[in-house]
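Enquirer: Could you build all of it, start to finish, from the sequences and the hints given here?
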Amino acid sequence: MNSLNILLSYSYIYNLFPITWGDILFGIHEGFLDFKAAVEHSYNIIEKEENSSQRVLDMAFLHGNESIYPLIDELVEEENKYDEKHAKEKYLYAVLKWVYKNQSTFLEPLEAVECIYADFGYPEIISKFVRYASNNEPDLGSRELNIKRIYNNWEKYLETEKIKWKKEMNIKF
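Residue numbering for the sequence shown is 39 to 211, as defined by my numbering.
Some hints here could point you the wrong way.
As the list claims (entries may be wrong) - Subject to a maximum C-alpha distance of 30 Å in a straight line, what follows is the list of computed BS3-like cross-link-like pairs (lysine-lysine):
no.: 1; residue 1: Lys126; residue 2: Lys86
no.: 2; residue 1: Lys139; residue 2: Lys200
no.: 3; residue 1: Lys86; residue 2: Lys123
no.: 4; residue 1: Lys119; residue 2: Lys202
no.: 5; residue 1: Lys119; residue 2: Lys186
no.: 6; residue 1: Lys194; residue 2: Lys139
no.: 7; residue 1: Lys166; residue 2: Lys139
no.: 8; residue 1: Lys166; residue 2: Lys186
no.: 9; residue 1: Lys119; residue 2: Lys135
no.: 10; residue 1: Lys139; residue 2: Lys123
no.: 11; residue 1: Lys200; residue 2: Lys135
no.: 12; residue 1: Lys74; residue 2: Lys186
no.: 13; residue 1: Lys119; residue 2: Lys205
no.: 14; residue 1: Lys166; residue 2: Lys135
no.: 15; residue 1: Lys166; residue 2: Lys74
no.: 16; residue 1: Lys186; residue 2: Lys139
no.: 17; residue 1: Lys205; residue 2: Lys86
no.: 18; residue 1: Lys202; residue 2: Lys123
no.: 19; residue 1: Lys86; residue 2: Lys202
no.: 20; residue 1: Lys186; residue 2: Lys126
no.: 21; residue 1: Lys86; residue 2: Lys135
no.: 22; residue 1: Lys135; residue 2: Lys123
no.: 23; residue 1: Lys204; residue 2: Lys166
no.: 24; residue 1: Lys135; residue 2: Lys74
no.: 25; residue 1: Lys166; residue 2: Lys86
no.: 26; residue 1: Lys166; residue 2: Lys200
Claimed, not checked - Computed beta-carbon distance windows for the label pairs:
no.: 27; residue 1: Glu193; residue 2: Leu95; range: 40 to 46 Å
no.: 28; residue 1: Asp177; residue 2: Gly102; range: 50 to 56 Å
no.: 29; residue 1: Ile163; residue 2: Leu95; range: 26 to 32 Å
no.: 30; residue 1: Pro161; residue 2: Asn184; range: 28 to 34 Å
no.: 31; residue 1: Ser90; residue 2: Leu45; range: 25 to 31 Å
no.: 32; residue 1: Ser90; residue 2: Lys194; range: 37 to 43 Å
no.: 33; residue 1: Lys202; residue 2: Ser91; range: 16 to 22 Å
no.: 34; residue 1: Thr198; residue 2: Ser105; range: 36 to 42 Å
no.: 35; residue 1: Asn82; residue 2: Asp121; range: 18 to 24 Å
no.: 36; residue 1: Tyr107; residue 2: Lys204; range: 30 to 36 Å
no.: 37; residue 1: His124; residue 2: Ile84; range: 20 to 26 Å
no.: 38; residue 1: Ser41; residue 2: Gly102; range: 14 to 20 Å
These are calculated hints, taken from the structure and not from any lab test. Backbone N, C-alpha and C fix where the C-beta goes; we use that ideal spot for every residue, glycine too.
Expert: Written out as structure tokens, the structure is:
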């Protein structure tokens, strides 16, 4: 799924949306996070909760060469909140925001968006800023204006998602 090989940090996603063990597992499975994110997440839980489960404590004390499996699977099951569709929405937002903020590292940022669009199964929600999918909108008279509209649509998506996930974070915390 991660054809651009974008590796996100735990602290980056932690500040974007509420994180579950299922989200961590999804991110690791799809290559957006490395295994250290699971360990960092356990530290975060221990910091916030007085009585963390033994599995969370075990995850926190894993060494670099130890596998997070099957421990992370057990934590996902224990949490009982895994929703792959929801996790996918979160990472779609996180990756698109990361690419937007790091446009200068891409020769063609909109080409990166097209890769993400394909990687995530062509989600309708971002089609307005995918060059070949945004043909339903009228021509603005120049390539520059049409491209500017695509970038504006990308910005609107990011702002809408930011508000959505911040609301969810406030409910959770």
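Enquirer: Work down the list of hints and note, for each, if the structure agrees.
Expert: Quick rundown of the hints versus the structure:
1. Distance restraint check for Lys126 and Lys86: the Cα-Cα separation of roughly 26 Å lies within the 30 Å cut-off, and the hinted pair is therefore satisfied.
2. Using a Cα cut-off of 30 Å, the hinted pair Lys139 and Lys200 holds, with the two alpha carbons roughly 14 Å apart.
3. Only pairs whose Cα atoms come within 30 Å are accepted, and Lys86 paired with Lys123 is accepted, the gap being roughly 27 Å.
4. Proposed proximity of Lys119 and Lys202 is supported: the alpha carbons are some 18 Å apart, at most 30 Å.
5. In summary, the hint linking Lys119 to Lys186 is not supported, as the alpha carbons are separated by about 39 Å, beyond the 30 Å threshold.
6. At most 30 Å may separate the alpha-carbon atoms for a hinted pair to count; Lys194 and Lys139 meet this at roughly 14 Å.
7. With a C-alpha separation of about 19 Å, the suggested pairing of Lys166 with Lys139 holds against the 30 Å cut-off.
8. About 12 Å separates the Cα atoms of Lys166 and Lys186, which keeps this hinted pair within 30 Å; it holds.
9. Proposed proximity of Lys119 and Lys135 is supported: the alpha carbons are some 25 Å apart, at most 30 Å.
10. For the hint pairing Lys139 with Lys123, the CA-to-CA distance comes to about 24 Å; that is within 30 Å, so the pair holds.
11. At most 30 Å may separate the alpha-carbon atoms for a hinted pair to count; Lys200 and Lys135 meet this at roughly 9 Å.
12. As the CA atoms of Lys74 and Lys186 are separated by approximately 38 Å, the hinted pair breaks the 30 Å bound.
13. Note on Lys119 and Lys205: the hinted pairing holds, with a Cα-Cα distance of about 18 Å set against a maximum of 30 Å.
14. A distance of roughly 15 Å separates the Cα atoms of Lys166 and Lys135; the hinted pair therefore holds under the 30 Å criterion.
15. For the suggested pair Lys166 and Lys74, the alpha carbons sit about 35 Å apart, so the restraint of at most 30 Å is broken.
16. Annotation: proposed proximity of Lys186 to Lys139 holds, straight-line Cα distance about 16 Å (limit 30 Å).
17. The straight-line distance between the Cα atoms of Lys205 and Lys86 is roughly 20 Å, inside the 30 Å bound, and the hint therefore holds.
18. Taken as a hint, the Lys202 and Lys123 pair is honoured in the structure, with Cα atoms around 15 Å apart against an allowance of 30 Å.
19. Simply put, Lys86 and Lys202 have alpha-carbon atoms about 23 Å apart, close enough for the 30 Å limit, and the pair holds.
20. Among the hinted pairs, Lys186 with Lys126 is consistent with the structure: their alpha-carbon atoms are about 27 Å apart, no more than 30 Å.
21. Restraint check for Lys86 and Lys135: satisfied, since their Cα atoms lie roughly 27 Å apart, inside the 30 Å limit.
22. A hinted pair counts as satisfied when its Cα atoms are at most 30 Å apart, and Lys135 with Lys123 qualifies at roughly 18 Å.
23. For the suggested pair Lys204 and Lys166, the alpha carbons sit about 23 Å apart, so the restraint of at most 30 Å is met.
24. In summary, the hint linking Lys135 to Lys74 is supported, as the alpha carbons are separated by about 22 Å, within the 30 Å threshold.
25. Between Lys166 and Lys86, the direct Cα distance comes to roughly 39 Å. Violation of the 30 Å bound is thereby established for this hinted pair.
26. A threshold of 30 Å between alpha carbons decides the hint, and for Lys166 with Lys200 the separation of about 17 Å falls inside it, so the pair holds.
27. As the Cβ distance of Glu193 to Leu95 is approximately 42 Å, the hint placing it in 40 to 46 Å holds.
28. Range check, Asp177 to Gly102: Cβ separation about 54 Å, and the 50 to 56 Å hint holds.
29. Our hint of 26 to 32 Å for Ile163 and Leu95 is violated, since their Cβ atoms are close to 38 Å apart.
30. Range check, Pro161 to Asn184: Cβ separation about 21 Å, and the 28 to 34 Å hint is violated.
31. A hinted range of 25 to 31 Å for the beta carbons of Ser90 and Leu45 is consistent with their spacing of about 27 Å.
32. Between Ser90 and Lys194, the C-beta spacing of about 39 Å keeps the proposed range 37 to 43 Å intact.
33. About 29 Å separates the C-beta atoms of Lys202 and Ser91, a value inconsistent with the hinted range of 16 to 22 Å.
34. Range check, Thr198 to Ser105: Cβ separation about 38 Å, and the 36 to 42 Å hint holds.
35. Hint check: Asn82 to Asp121, Cβ distance near 20 Å, so the stated range 18 to 24 Å holds.
36. Between Tyr107 and Lys204, the C-beta spacing of about 32 Å keeps the proposed range 30 to 36 Å intact.
37. In this structure, His124 and Ile84 meet the distance hint of 20 to 26 Å, their C-beta atoms being roughly 24 Å apart.
38. Checked against the hint of 14 to 20 Å, the pair Ser41 and Gly102 fails, with Cβ atoms roughly 27 Å apart.
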